[in-house]
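Participant: For the protein sequence lines, the chains are A and B, in the order given. With our numbering applied, the first sequence corresponds to residues 1 to 111, in that order. With our numbering applied, the second sequence corresponds to residues 1 to 115, in that order.
Warning: the hint list may mix true and false statements.
To be verified - DSS-like cross-link-like pairs, simulated, lysine-lysine; straight-line CA separation at most 27 Å: (1) A:49 x B:41; (2) B:36 x A:49; (3) A:49 x B:44.
What the hints assert, rightly or not - One side only, chain A facing chain B, incomplete, derived with CB under 10 Å: (4) 19; (5) 25; (6) 33; (7) 38; (8) 83; (9) 84; (10) 85; (11) 92; (12) 98; (13) 101; (14) 103.
Quick caveat, the hints were computed from the structure, so don't treat them as lab data. Glycine included, every Cβ here is placed at the ideal spot set by N, Cα and C.
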Amino acid sequence: AQSVSQHNHHVILSEAASLELGCNYSYGGTVNLFWYVQYPGQHLQLLLKYFSGDPLVKGIKGFEAEFIKSKFSFNLRKPSVQWSDTAEYFCAVSLGQNFVFGPGTRLSVLP
Amino acid sequence: DTAVSQTPKYLVTQMGNDKSIKCEQNLGHDTMYWYKQDSKKFLKIMFSYNNKELIINETVPNRFSPKSPDKAHLNLHINSLELGDSAVYFCASSQDIVVGGNEQFFGPGTRLTVL
Numbered sequence: 001a002q003s004v005s006q007h008n009h010h011v012i013l014s015e016a017a018s019l020e021l022g023c024n025y026s027y028g029g030t031v032n033l034f035w036y037v038q039y040p041g042q043h044l045q046l047l048l049k050y051f052s053g054d055p056l057v058k059g060i061k062g063f064e065a066e067f068i069k070s071k072f073s074f075n076l077r078k079p080s081v082q083w084s085d086t087a088e089y090f091c092a093v094s095l096g097q098n099f100v101f102g103p104g105t106r107l108s109v110l111p
Numbered sequence: 001d002t003a004v005s006q007t008p009k010y011l012v013t014q015m016g017n018d019k020s021i022k023c024e025q026n027l028g029h030d031t032m033y034w035y036k037q038d039s040k041k042f043l044k045i046m047f048s049y050n051n052k053e054l055i056i057n058e059t060v061p062n063r064f065s066p067k068s069p070d071k072a073h074l075n076l077h078i079n080s081l082e083l084g085d086s087a088v089y090f091c092a093s094s095q096d097i098v099v100g101g102n103e104q105f106f107g108p109g110t111r112l113t114v115l
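All chains should be modelled from the sequences, with the hints used to inform the complete structure.
Facilitator: Here it is in structure tokens:
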């Protein structure tokens with residue numbers, strides 16, 4: 001079955017630490033890839049997206065993600081997190097009409 | 001300007017009642033969706049409409065009935081509410097798949113609590 005997995009359920013970091021959240025998908029065809037963020041009590045907002053071209057994409061708030069086709073991965077990174085990055089992060093894959101979210105990773109940043 | 005709006009933001013009701021949630025988008029998108037987010041934050045697509053036509057209908061009880069009067073609106077009606085329906089319901093819209101890659105634009109969510 002087609003699926004999106006995220007490596008960590010809950011990540012706890014101190015401010016200024018580096019962040020990497022893993023995302024893998026199981027689709028074999030051409031996909032569009034996304035990372036969304038959901039701050040506490042809010043709706044989902046787009047962080048970044050990959051459709052084609054440079055596999056390293058930069059998003060808002062200093063986030064970036066790298067698409068590695070051979071590994072079916074689209075990991076999210078940030079060199080130095082802030083307390084305000086505390087949120088739920090969702091990886092998502094679009095394949096045709098289908099749009100599938102991963103289970104989410106909760107990031108807690110300690111001040 | 002609100003791109004995707006939902007009403008109400010909070011909905012508290014008794015088991016067995018019927019309720020509706022409304023969604024409107026002013027982005028000119030052709031496709032709209034309903035998602036359910038449970039207490040563990042897991043997001044599950046429920047329905048998708050493209051130009052008022054149903055294109056995705058996941059395994060959802062038939063107590064849930066979407067209605068799309070036009071391509072800017074997708075309402076969700078729920079009959080005979082049950083405790084397990086308590087969740088946050090998000091509406092979303094997307095542009096053409098080729099141009100926009102199916103990027104989802106989300107509404108603020110409706111927190112439904114069934115007592």
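Participant: Check each numbered hint against the structure and report the violated ones by number, ascending.
Facilitator: 4, 5, 8, 9, 10
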